[in-house]
Amino acid sequence: MSSDALFPIALSLRVALLAVALAAPLGLALAWLQARRRYPGRALVDALVLLPLVLPPTVVGYFLVVAFGRRGPLGRALESLLDVRVVFSPGAAVIASAVVALPLLVKTAQPALEAVPGELEEVGRSLGLGPAALFLRVTLPAAWQGIAAALVLAFARAVGEFGATLMFAGNIPGRTNTMPLELYAAWQAGDDALALLYVGVLSLLSLAVVLAAPRLAPRGLST
Amino acid sequence: MPAAVEARLRLRVGGRLGFALDAELALERGVLVLFGPSGAGKSLTLRALAGLLRPESGFVRIGGEPLFDAELGVQVPPHRRRIGWVPQRDSLFPFRSAAENAAFGLPRARRRRADPEVRALLAELGIAALAEARPASLSGGERQRVALARALAMRPRLLLLDEPFASIDRAGRAELWRLLRATLDRHATPAVFVTHDSDEALALADRVVRYERGRTLPGGPPSEILGDAYPLSLEGEHARLAAGALALGGVRLAGPAAALPEPREGRIRLSLRLPPERA
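Chains as they are written, first to last, in my numbering: chain A, 1 to 223; chain B, 1001 to 1279.
These are computed hints drawn from the structure, not numbers from a lab.
Glycine is no exception: its CB is placed at the ideal position from the N, C-alpha and C atoms.
Check each hint, because a few of them may be wrong.
Covered stretches of chain B, going by a simulated chain A footprint (3 or more residues, C-beta under 8 Å) [unchecked claim]:
1. 1071 to 1085
2. 1089 to 1100
3. 1145 to 1155
Just a few of them, taken from the derived set where beta-carbon distance is under 8 Å, the chain A residues facing chain B [said to hold, decoys possible]:
4. V65
5. L127
6. S206
Okay, chain A solo, but in the shape it has when bound:
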């Protein structure tokens, strides 16, 4: 087996891990916000969080290209400040995966955070814990099973990302050709052995996730 064939596997795992690392702080903050706070516009935030889950991934990809393109607001800012061009880079694959994984992360973590008894947090505050310490020392450990499940599911969704990645990061060999993209390319080219390799790896990863996630979150997964 050539190293060219293994590159997409390593790339996909790296992209998915970075995507989860990128989505986790924002996703957990959003989950906490939706679980613990009532504020005007909460329903709108809920809808926006869910949007990438129901939008066709190619549409998500289109929005990302518009936002991060050379004339897009984020793309222009990144280029002028950091001299970074995101579109068609591995970074674009990370962002695309993070965006489509975010709803799953938020919606799995949110019920886990909601299930943390208010008394625990109140006692934590009485014991001198400020907001950050309270989240790290009380809320997070009390909800860790659901949060672990949320991270695992987000990782699985990120590994499988296809449409948005293709639009936003392209399928550049040795650069952005993640497993799902390479699987499609191999299938088109009639390279059944290669296609089967990626099918096998992706299927095993997915099986591991569906086996692990319910064990982590006995209640959180029903959503």
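Since the structure of chain A is already known, use the hints to place chain B on it.
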């Protein structure tokens, strides 16, 4: 010496038609019991004292220091108040051992090793042997002892207890009353204790404030607010019936025994507690 706690609280929860609280309380030292039926605003008062909610007007002073003052615009957040909090039940961190729970509010360096002060507290509360146990394996009474140790370990200026023994059987409760009272006295920690049980109030209180539908009545010493006990001796089956009838009429049996004692030589000796207005 400034009062341990002084507060005047007005607040409303649940909008215009919601519940209104108008409470006034003061304690020089010792234990103040907030007494009254559930839904009268006792727990709400504790939450305001702890800083978990912000009253519309009034003040909270602990040892003379304002922690809340509507006019001065002062509202110290809960984590800077150094006020201990013992809720009704299940407030232990399930992912920590009893000793780790007790040390939870201490600085990191003292949390890492077994702190001698925490150990002493656990011993004082009779749970030294349970230091390594997880909350799930403890009984209700043991859990509340750990919760008490946790609140006392940070040397609070004031301890708030919200019916902490409500889910514990009566015999166990009497023992916890003695233990709590002795521990508070030893540490000279003033406390505000919420209960709707007059025996509990009498066992613990230096001062009692009565609550009625969101309002406090003027406070005073326990015997004045809760009424004195009257010894009474009744005979045979009549005693049972008579005592039952008295209980229906708002007269309560005094002492820790909820049920009538068994007759001895055909007699039942009772101590009855009358509300002051019926005495």
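Legend entry - Interface restraint verdict for L127(A) against chain B (beta-carbon cut-off 8 Å): 3 Å, holds
Inset, instruction - Go through the hint on S206(A) and say holds or violated, using the shortest Cβ distance to chain B against 8 Å. - result: 30 Å, violated
Inset, instruction - Using 8 Å as the Cβ threshold, decide whether V65(A) counts as touching chain B. - result: Violated, about 44 Å.
Legend entry - 8 Å C-beta test of the segment 1071 to 1085 of chain B against chain A, three or more residues: holds (count 9)
Inset, instruction - Verify the coverage statement for the segment 1089 to 1100 of chain B against chain A, using a C-beta to C-beta distance below 8 Å and requiring 3 or more qualifying residues. - result: Result for this restraint: holds, n = 5.
Inset, instruction - Three residues minimum, CB to CB under 8 Å: does the segment 1145 to 1155 of chain B make the cut for coverage by chain A? Let me know. - result: With 4 residues close enough to chain A, the hint holds.
Hint compliance for this structure: hints 4 and 6 are broken, all remaining hints hold.
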